[in-house]
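K.L.:
Residue numbers (the UniProt record's numbering), protein chains in the order written: chain A, 1 to 438; chain B, 1 to 71; chain C, 1 to 413.
These are calculated hints, taken from the structure and not from any lab test. In this text the structure is predicted, and so the values were computed from the model without any measurement. A hint or two may mislead.
Here are the simulated SDA-like pairs of lysine to any residue, each with C-alpha atoms no more than 20 Å apart in a straight line [stated by the list, open to error]:
#, chain 1, residue 1, chain 2, residue 2
1, C, K317, A, A398
2, C, K317, A, R404
3, C, K317, A, P410
4, C, K277, C, D128
5, C, K385, C, G406
Just a few of them, taken from the derived set where beta-carbon distance is under 8 Å, the chain B residues facing chain A [stated by the list, open to error]:
#, residue
6, V4
7, Q11
8, I31
9, A37
10, V60
11, L65
If you anchor each label on the Cβ, the simulated ranges turn out as follows [unchecked claim]:
#, chain 1, residue 1, chain 2, residue 2, range
12, C, G312, A, T272, 42 to 50 Å
13, A, S359, C, R275, 49 to 57 Å
14, C, A171, A, S359, 40 to 48 Å
15, A, A58, C, A200, 56 to 64 Å
Here a beta-carbon is modelled for each residue, glycine too, at the ideal position from N, C-alpha and C.
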Amino acid sequence: MSGQAGIVVVGASLAGLRGAEALRLGGYEGPLTLVGDEPHRPYDRPPLSKHVLAGELAADATALPQRVPLRACWRLGSAATGLDRRAKTVRLADGSSVAYDKLLVATGARARKWPGEGAGLGGVFTIRGRDEAAALRAALARASGRVLIVGGGLIGCEAASCCRALGLPVTLVDPNATPLARALGTFVGGTLAARMRAAGVDLRPGTQVRALEGEDGQVCRARLADGATIAVGLVIAALGAVRDTDWLAMSGLKADIGGLTCDGACRAITRTGEPDPDIFAAGDVARWPNPLYGGRLVAVEHWGNAVEQAAHAARNMLNPDDPLPYAHLPAFWSSQFGLNIKMVGLADGADSVAIVQGSRAAGRFLAVYGRDGRSIAALSFDEARWLPAYAERIAVGAAFPPIRGATDQPAVETRAPGFPPPRPIPTDRGRMPEAAHA
Amino acid sequence: MRVVVDLNRCQGYAQCCYAAPAHFELRGHEILFYDPAPPETARARIERAEQACPVRAISVEPAGLAEEDAP
Amino acid sequence: MPEDTLFAEVLDPRNRADPYPIYARLRRTPVARQRDGAYVVSTHAAIRSLLFDPRLSSEDLPPSRRPPTGNPLKDWLLNPIKNRIANAHRPLIFRDPPDHDTLRGFVMSEFTIARVNDLHGRVAALVDGLIETCRGRDTVCLVDDLSYPLPVAVICDLLGVPEQDEPQFHAWATRLATALEPDARRDEEARRATVETFDAIADYMRALIRQKRRQPADDMLSGLARRGTRDRPAMGDVDLIATAVLLLVAGHETTVNLITNGMLTLLRHPDELARLKADPERAPRVIEELLRYEPPVHFRSRKTLGDIAVAGATIPKGAPVILLFAAGNRDPERFSEPDRFDPDRADIQHFGFGGGLHYCVGAPLARIEAEIALVALCRRLRDPKLLADPPPYRPGASLRGPENLGIRIAGIL
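One chain only, chain A, in its complex shape (with noise of 0.2 Å):
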């Protein structure tokens, strides 16, 4: 199929190593080239939140193995940082271009920095990529004063527990009623509030961090909105991600902060709204059709995402007479305070929430979220072993509550899942959401 430019993957992660190695699996003998900013080879980034924070893993140690021979040109270390699509090229931050016959994006995001006042202090760090987790980490190391972190996501969480199992003094500050209530509802994150209450972390709900203060260019101080200031040592940032879409702005694709948009078979769309046959996305970075979600327009930042997009790209990459659709059951998971949290479907937009297995007393349970009287998530807290069984459920859209008359099945209350309200979604480039916390 392939000219002499070949195959060219800008995002040397995990997307783009699952994609080009779903290349070779799949037939594809041409040139390969993998285009990344970082320097390193493609790694894997859930540990970095977790053991490479609390020191039991090397930063380094986190690289991904490659299961077939890629026979690949590796570009790394050189951003990516525009599109032709007229000459077919991607250009690089070296000055150089890239030209390709098709093209897979999988530049997936990058942290949020600290917006607000005291955005250039030291002693304020984001995690996202392997350097970010390693420069965290050494500063945990020696750090002595409080760890303030920002955010109670999945990230902010992480990060709270390790530096608990670290040994040191944790804030966490975040504008919802309970952490994770944008990923779980206020009703499921009141469990977990109280765990790590329990692991002696000092939660501030229903606050915003309005400035971070410094001494000697090194931050000390914070205060947040509610009056309070608490003095700190550290600060992570956990605000979540926006997608690497900065490089496509002239390239006439449908892309912001909020993804590239894609058609249903992982085709990268143009400003007129036509799939562009040679350009397609995988990964936290592609925005899509999910047929599963009736084909709302879905970006999942989920590492089972990257692995079965990338491949159902390539598949349709080398395939362009038969392309199918991406239908893809989100899932996810997470280790916190000793609590193994699993998740599948996506449980925004759910008007109900049900305990139907164990309960919250046992700290074991899996809830089901509901919407319009259909089972549309899943959520595990150390009950894992059930979650296949709701996950077909979710995917066939059963009704809610979906599995009744179980085993270890308490009597099924259904509550209100506690969502707060969503955030301005961001269509135009350039513009950020409303900032949460500043």
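Dock chains B and C against chain A, hints included.
P.N.:
This is chains B and C only, laid out in the frame that chain A set:
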């Protein structure tokens, strides 16, 4: 050598922990902690863990691949 | 042949040597209702789906041949073995969460990684000794010579049963295992014998547990019998005995099949035998493929707690369900060329140890024993040849394996 476990798939059966206890560890009820970069000398044990996994969640890089395919 | 009698064919001893063609016919209807009301599930996808379904209960045995009368007391009296074992002294394989989890937690706290892996040397020494006893003979009777005595010695060692009591244990375990087969309750005499065996073994265990409490040793029974602490409550005596009996029977009756089926399969595939002999590192792949291709346990039974829709069918609430693991293991929708023994296949996801919350506790030990035994047999038996193919089979359709396996050899290396 390089190893990665698909923790969406992992169900905490702990078979890898018996096969290669120095490299896989179950914490709490179902948290798997593993060494993603074990020494090449542990390959036989790691592959034993890979084979024993009831949900086939463990991926192991074939010997020599990383070097041969180095960036 | 109507599908609603296919499972009766599976149970028919005449089909013991090769049940796989019947399994293939069963798979055409992934969930096949049998005349007695049981549902046989035979495809990989449907079995996997049900293994994770919390509406499938283990708190029951397959129905007796006698239909239920509707009077619980009468049913209990009609079916005393089932009730004796399953209800009065239910071990964890016949329990659901949360009880199951509590009991399994006790077992796992003693079935530690260190304790299991420490058995390597002991297993290797036992295997060497057992093979050595065959020196000077031109025939090995594999079950008697190795497959049976090895797991017996290992489980007794692990539990802490004195060596001199092993022969007695062996006899008990054999009798108890036959009681687990679906057709075992037909024979009145066998039924009485099982009850007597259970009483005898329970009495023995009670005494042994008392002794372990007086003089604890580094074995599982001493650990399980330990008095409770604030963090770890003690196990009740009834549960303790049921658990000990379960471990004993499970330790006896499954590994013997894994080793014997394994050697039978390797002898039927001499190229694979030669490869394993030349490269013992292949053993883990060989064992996993054996667990798919000739699993020691062919099926297990469950009961539905609600209507369950699976594979286009609906199993009604209260129905017995037979999960036909060995048929799922040969499902062509899941495995290419499923009837070919191929340790190099990419993705051996089998039901050889079941799956879900009842996944075999002893799996790591079974792997160690089978690996050491099969590698040693391949390396040390000179020019082994099957004396009879197929070999004679034991009656069990679920715990399926040869009665014995005669192997002609040219000597011991």
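K.L.:
Under the criterion that the straight-line Cα-Cα distance not exceed 20 Å, is the pair K277 (chain C), D128 (chain C) satisfied?
P.N.:
Given that 20 Å is the threshold and the Cα spacing comes to 16 Å, the pair holds.
K.L.:
42 to 50 Å was suggested as the range; check whether the CB atoms of G312 (chain C) and T272 (chain A) agree with it.
P.N.:
44 Å, holds
K.L.:
Holds or violated: is the Cβ of Q11 (chain B) closer than 8 Å to a Cβ in chain A?
P.N.:
6 Å, holds
K.L.:
Interface hint check: V4 (chain B), Cβ to nearest Cβ on chain A, cutoff 8 Å. Holds or violated?
P.N.:
Hint holds; V4 (chain B) Cβ to chain A Cβ min 5 Å, cut 8 Å.
K.L.:
Regarding the pair K317 (chain C) and P410 (chain A), is the alpha-carbon distance no greater than 20 Å?
P.N.:
With a Cα-Cα distance of about 19 Å, the restraint between K317 (chain C) and P410 (chain A) holds, given a limit of 20 Å.
K.L.:
For the pair supplied as a hint, K317 (chain C) and A398 (chain A), confirm whether the alpha-carbon distance does not exceed 20 Å.
P.N.:
18 Å, holds
K.L.:
Should the hint that S359 (chain A) and R275 (chain C) are 49 to 57 Å apart at their CB atoms be regarded as holding?
P.N.:
Check passed, 52 Å falls within 49 to 57 Å.
K.L.:
Would you check whether I31 (chain B) satisfies its interface hint, that is, whether its CB is within less than 8 Å of any CB in chain A?
P.N.:
Given a least distance of 4 Å, the restraint on I31 (chain B) holds.
K.L.:
Are the Cα positions of K317 (chain C) and R404 (chain A) separated by 20 Å at most?
P.N.:
11 Å, holds
K.L.:
Mind checking the hinted window 40 to 48 Å against the Cβ distance between A171 (chain C) and S359 (chain A)?
P.N.:
Cβ of A171 (chain C) to Cβ of S359 (chain A): about 45 Å, so the range 40 to 48 Å holds.
K.L.:
Let me know if the C-beta of V60 (chain B) comes in closer than 8 Å to any C-beta of chain A, holds or violated.
P.N.:
This hint holds: V60 (chain B) lies near chain A, its Cβ roughly 6 Å from the closest one there, short of 8 Å.
K.L.:
Could you check if A37 (chain B) really has its C-beta closer than 8 Å to a C-beta on chain A?
P.N.:
At 4 Å from the nearest chain A Cβ, A37 (chain B) passes the 8 Å test, so the hint holds.
No hint from the list above goes unmet by this structure.
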